[in-house]
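> So the chains spell out like this:
2 protein chains.
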Amino acid sequence: MPKIVDHDKQRQWVAEAALRVIQRGGLEKATVRNIAEEAGLSVGSLRHYFTSQAELLTFCMKLIIERIEERFSSLSLNGPVFEDVKQVLMQFLPMDEDRTMEMEVWMSFVAKALVYPELRIMTDHMYDGLTKACHYVVDTLVAHKLAKPELDLEYEKERIYALVDGLAIHHIMRPQQLPTEKIERIIDQHLRSLCLDDKAMA
Amino acid sequence: MPKIVDHDKQRQWVAEAALRVIQRGGLEKATVRNIAEEAGLSVGSLRHYFTSQAELLTFCMKLIIERIEERFSSLSLNGPVFEDVKQVLMQFLPMDEDRTMEMEVWMSFVAKALVYPELRIMTDHMYDGLTKACHYVVDTLVAHKLAKPELDLEYEKERIYALVDGLAIHHIMRPQQLPTEKIERIIDQHLRSLCLDDKAMA
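Protein chains in written order, with full-length UniProt numbering: chain A, 1 to 202; chain B, 1 to 202.
Some clues are possibly wrong.
Said to hold, decoys possible - Examples of chain A residues toward chain B, derived with CB under 8 Å:
| # | residue |
| --- | --- |
| 1 | L163 |
| 2 | H170 |
| 3 | Q176 |
Note that these hints are calculated values from the structure, not bench results. Glycine included, C-beta positions come from ideal geometry on N, C-alpha and C.
Given these sequences and hints, build the entire structure.
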């Protein structure tokens, strides 16, 4: 009887192996041979699942985005509103090992996407997601009347967006200088600065 | 008579060629052959100036840092104080072609430094410079009594630091979404938010 292999599961298995290889050695180590070895497959069968390196990398990026989306759908946002919006932002920050690994690998993709436009679709997808999250955060604070009425909303959305990405990069580059507790404190303090004094704690 | 070649100038010439190669094709295109061709030199003479790729890349990173330092030393900081500190931050942002090119190439170095610790010395050097600039900005606002007295200075320094890097990355990834005018407006607005209302305009 022929062995039945779940094609989608196998692709995911390969992509996860690729992410580990990239984290350890960067994109230049993401050769078919290295990834096949890490996945415990032959080079031939790896080529069966991914016909080009671009296809494999795009799949890896999609996998990272899916993981973030999964974390989102499992978030229990049931208040207080201030804590909920904070939780939303924290999903994009390297607060644990998984998220740190994702960010580290993602940095390589971002650098590569600067010169390979075919990878832009995925980086744009990620940036759209983070942009949406930042809009959600500001709009939710406004909708619940927690936000100071004088806020320049467009500016606040861009500011949170830049702040989140800047903190993420500084943590993965120099975790000692910017430990996760400090990231959380900065996000918390920043969000509070957008809120009416008596409302943020409610 | 033997040809006299200025060794330092020639190294700089090679590094500049390397930066162009990296900007066009990313680090993976930064091979000895490609860089020699771009510089109009033989592979042999390039090897004479740089004995390893790590040495060449480190030199390229140093070149970028030197360029930023040169821009700094030519800044005429003679007030108003608010405009001066803004100018300091703008040196780290991709406001023109040169700075955009530097940032794009730097992104590749940062991604590579995550897996090659020998490149960390240079990324640390850059991050130390940006950190120092952020401290300077906040401390100067305080020293000139422009800053709101209730500011949490340590937090404000970290926040500016993250903001500058986040804005820089978002511009090089998606210049249409975050044009330079918008970057300047965000930096301006952020700095104003740290100042006493009547002082920022002075």
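> Decide, hint by hint, whether the structure agrees.
The hints, checked one at a time:
no.: 1; hint: L163; in the structure: 5 Å, holds
no.: 2; hint: H170; in the structure: 6 Å, holds
no.: 3; hint: Q176; in the structure: 11 Å, violated
Violated hint: 3 only; the structure is consistent with all others.
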